[in-house]
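Asker: Each chain, letter by letter, is given below.
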Amino acid sequence: MVSQPLPLARPGAPLARRNPVAKLAAGTAFSLPLLSTLDPLTPALGLAVALAAVPGFGVRYRDLARRSWPLLAGALTAFLTMLVFGTVHSGSTWLGLGPWRLTTGTVVAAAGLALRLLAVSLPGVLVFASTDPTDLGDALVQNARLPARFALGALAAFRLVPLLGQEWRLLGLARRARGVDAGRSPVARVRLFAARSFALLAGAIRRGTRLAVAMDARGFDSGLPRTAARVQRVGPADWLLVVLAGGLAAAALAASLAAGTFRPLGG
Amino acid sequence: MATATVRLRGFGWRHAGRRRYALRGVDLSVGRGERVLLLGPSGAGKSTLLAALAGLLATDSGQAEGECVVDGRAGIVFQDPSTQLVMARAGDDVAFGLENLAVPAGQIWPRVDAALRAVGFGYPRARSTHALSGGEQQRLALAGVLALRPALLLLDEPTANLDPAGAALVRAALAAALPADTTMILVEHRVAESLPLVDRVLVLGGDGTVTADGAPAQVFAGHGATLAAQGVWVPGLAVPSRRGTGPAGPDLLAGTALGYRHPGAATPALSHVDVSVPAARALAVTGPNGAGKSTLALLLGGLVRPDTGTVAATAALAGHHAGTPPYRWRAATLARHIGSVFQNPEHQFLTGRVDTELALGPRRAGLAAPAVRSIVDELLVRLRLDPLAGANPYTLSGGQARRLSVATALAASPGMLVLDEPTFGQDRRTWCDLVDLLAGVRDAGRAVVLVTHDADLVTALADRRLDLPPGPADPDPVAPPARVAVDGVAAAGAGDRPW
Amino acid sequence: MESTTTTGRWRTVDIVVAAVIAVAFGVIFWAWNLLWNGPASAVPLPGRALMYGVWLVPAVLGALVVRKPGAAFFTETVAALVSVALGTEWGWTIALQGPVEALAGELAFALLLYRSYRLPVALLAGGLAGLAAALFDVFVWYPGYSWVAFRLPYLGLTVLSCVVVAGAGSAALTRSLARTGVLDRFAAGRARATV
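Protein chains in written order, with numbering that gives the first Met the number 0: chain A, 0 to 266; chain B, 0 to 498; chain C, 0 to 194.
For reference, chain A alone in the conformation it holds in the complex (with noise of 0.2 Å):
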């Protein structure tokens, strides 16, 4: 459902009492250089120190394998993908279908391609993982200079996340009982997807024109310069953490020109 009743990350862990912006950055910062190349040896290096910060985030290595498996997944499709549209072909050959050939060359593009997707997207769940939703809207609006209404009408929405997922429920149950259902067909289950999210959807904007009346009410488009209830500040340990991610990534990438195993983006 879209709830879990255990959380993920301990608050109290090093990593995880950062700065929600300086963990975004720090985030963006790692992730970004090691899409610039498409080795399997630099995503592998980044990847090994994402899975190495993991208890520094507050994480145990148990809850993160089954909150990614979606990601686990989606990167075994990409690697299965690759070896089959992929045109890669050095090394010697492992197989080959009439056009199509595997070679250790394609295993090795795919490889990375897997690779990069895990190393990219473990430090977003980190991060994620670990941050109070109302604190990363704090953070991006004292901190990153986001305009507060924006920041907090998204937080407000965000609220209603476990509404909504109770909705979607009750709109299937309500539709069974009304004697619709989907059966086998495959066109009948997308429209019957397609009738229900219109319902969730329009329910949503209800709700949502109701929240906005309610905040008015409550001051939100008086104009005045919000003050701030929570403070988030940024310390030396944060800026530490984003320096520190930049200059690892930046190692990967160094340790991948070294070893001669460096291939660029823009292929």
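Hints may be right or wrong, so weigh each one.
Quick list of simulated restraints, FRET-style, between CB atoms [unchecked claim]:
| hint | chain 1 | residue 1 | chain 2 | residue 2 | range |
| --- | --- | --- | --- | --- | --- |
| 1 | A | 259 | C | 50 | 38 to 48 Å |
| 2 | B | 245 | C | 49 | 58 to 68 Å |
| 3 | A | 236 | B | 70 | 23 to 33 Å |
| 4 | C | 167 | B | 271 | 48 to 58 Å |
| 5 | A | 230 | B | 71 | 30 to 40 Å |
| 6 | B | 106 | C | 167 | 49 to 59 Å |
| 7 | C | 50 | A | 183 | 14 to 24 Å |
| 8 | A | 184 | B | 380 | 35 to 45 Å |
| 9 | B | 350 | A | 89 | 32 to 42 Å |
| 10 | C | 49 | A | 59 | 49 to 59 Å |
| 11 | A | 96 | C | 50 | 24 to 34 Å |
| 12 | B | 350 | C | 50 | 45 to 55 Å |
| 13 | C | 151 | A | 96 | 48 to 58 Å |
These aren't lab readings, by the way, just hints derived from the structure by calculation. Virtual Cβ for every residue (Gly too), placed ideally from N, Cα, C.
Assemble the complex: chain A is given as a structure, and chains B and C must be docked to it using the hints.
Answerer: Structure of chains B and C alone, referenced to chain A:
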């Protein structure tokens, strides 16, 4: 005489896109510290009036006329707690208004704590708003408004979505927390219970003007009958009784040792419940919030599969389908034998027109077009929906939507009807309509199962009663107190974020 | 009477409804993933590219409903972030790709100076956003693939899907929503007949 906090002279308002004026020629004054109960039939413009007083009627959403002056800040509490609470944690939500009004940071938390104490909020600041019961959420909403120290407090049916226990919580909070010099205007259906909170009653007529104004006893003595006819719950006027008179029919459905746990919930919503549903009888399922009433409605309606126990239909209900349990039936079969009406009518609307909505059930049951046509016409007339035959179901008022949702369940002629809180927040007129309708259904030989905490409904209609024991500390019977997970972040359940 | 709906300043209801559209789609994407996790992953090229349009609907729909500068960008970016938060198979990369495609969609409305919100601009927005998304994928995720066998068809199908689903689909969706009355606070809903 002290200056009035509220003064309206000839005030009128017309919503954009409507021909009728919601309010017209309203003249009224309310003095500082007065406590007013605003009554009137559905559609009289009470919500519009409160919105006008709160300054929420945007110039681009309609046309105003006349004068509306409010001296001092107004705060308003609405009916639906989940669309009033903005933040994920209780304390943060109360602080929200203070932040908006640029209260210096150092003063915010003391005022938050004071407001929470004043309404008697029983949890720490870090409590997740999602993990609160409806009554607690409304108390929190009240705290959020009172923290801003409004001169005028407006409440638009604050207890309409709550069970009696929750409503009592909110009334207690109002009685305790409202400073003496704050003016209050309250719109409420539960008139009798609200009387201790007010000293003046104002009635808005169906044409948007003030038709009565004065002390409660005087207003009800003078206008009691007219008000009741218009749908106001006049205290002291009895509700008609429609108990069944004929003999009970054969059992249609039996549930034995039913148990169910919502996915992701820590404790079961229901355990070891036995129930039998006879034809030509109205069975009321009652119990406090969290006892699992809505869950039982889902199980009896064949919509979810019980974790333990069985639900079995008899041949009297389902003919040759009686061998399989209802949750295994195809949806079309289910709708033909058991009709379910949900708490929120909008969940069940599938089409864009009232008449196609009604036609859907019979058509899926395989009836021919002329038969479908005649069923639809009959229901439209019976439920006073014929002028709305082409309207979009989402645009109907609360009472109309409720009648339509019951009608759609009836259109497929099921042998049994299960209704979850059918009278939530209804005015007296719609309430009486519903009771008549359901009594008619029951007298025609069908079974009616009512999940409700409306004691009046039980008295008026129920022939049998199943009282569920209180469940574990679970505020919402339909879903567990889920915490928002952002790829694993829990938005502070109780205790895991010590402040 | 239409004054506030045509000035550039966002009302609270504009912000919240755009965010709610984004969040609702975040939930819909999650449910869509559950529905198609098995079959779609097995048939990646044709299936995924044709399904792509759904992911860009928030951008166009947000702009058609709210009709303020930045609506496409805000709605799609928030939808992307919500879908990352709820867990997708592409993970954090969506948080990078989301704003890129959001900006492309925004460009379409900007090109017409935010004066038109009819079908042609909706189609253009869908197409541009789809193109941006597909180019991101093609260069970041599929660099070793054949242009002829994979990348060009992928680009074409994605753009097509986005024009149809995100462009025309959003326009139709806006009209259907207006009929239910939920858009009454917006210009898109004012066309509804007087009741």
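Asker: Look at each hint and say if it fits the structure.
Answerer: Taking the hints in turn, this is what the structure says about them:
no.	hint	in the structure
1	259(A) <-> 50(C): 38 to 48 Å	40 Å, holds
2	245(B) <-> 49(C): 58 to 68 Å	60 Å, holds
3	236(A) <-> 70(B): 23 to 33 Å	51 Å, violated
4	167(C) <-> 271(B): 48 to 58 Å	54 Å, holds
5	230(A) <-> 71(B): 30 to 40 Å	31 Å, holds
6	106(B) <-> 167(C): 49 to 59 Å	53 Å, holds
7	50(C) <-> 183(A): 14 to 24 Å	20 Å, holds
8	184(A) <-> 380(B): 35 to 45 Å	37 Å, holds
9	350(B) <-> 89(A): 32 to 42 Å	59 Å, violated
10	49(C) <-> 59(A): 49 to 59 Å	39 Å, violated
11	96(A) <-> 50(C): 24 to 34 Å	28 Å, holds
12	350(B) <-> 50(C): 45 to 55 Å	26 Å, violated
13	151(C) <-> 96(A): 48 to 58 Å	23 Å, violated
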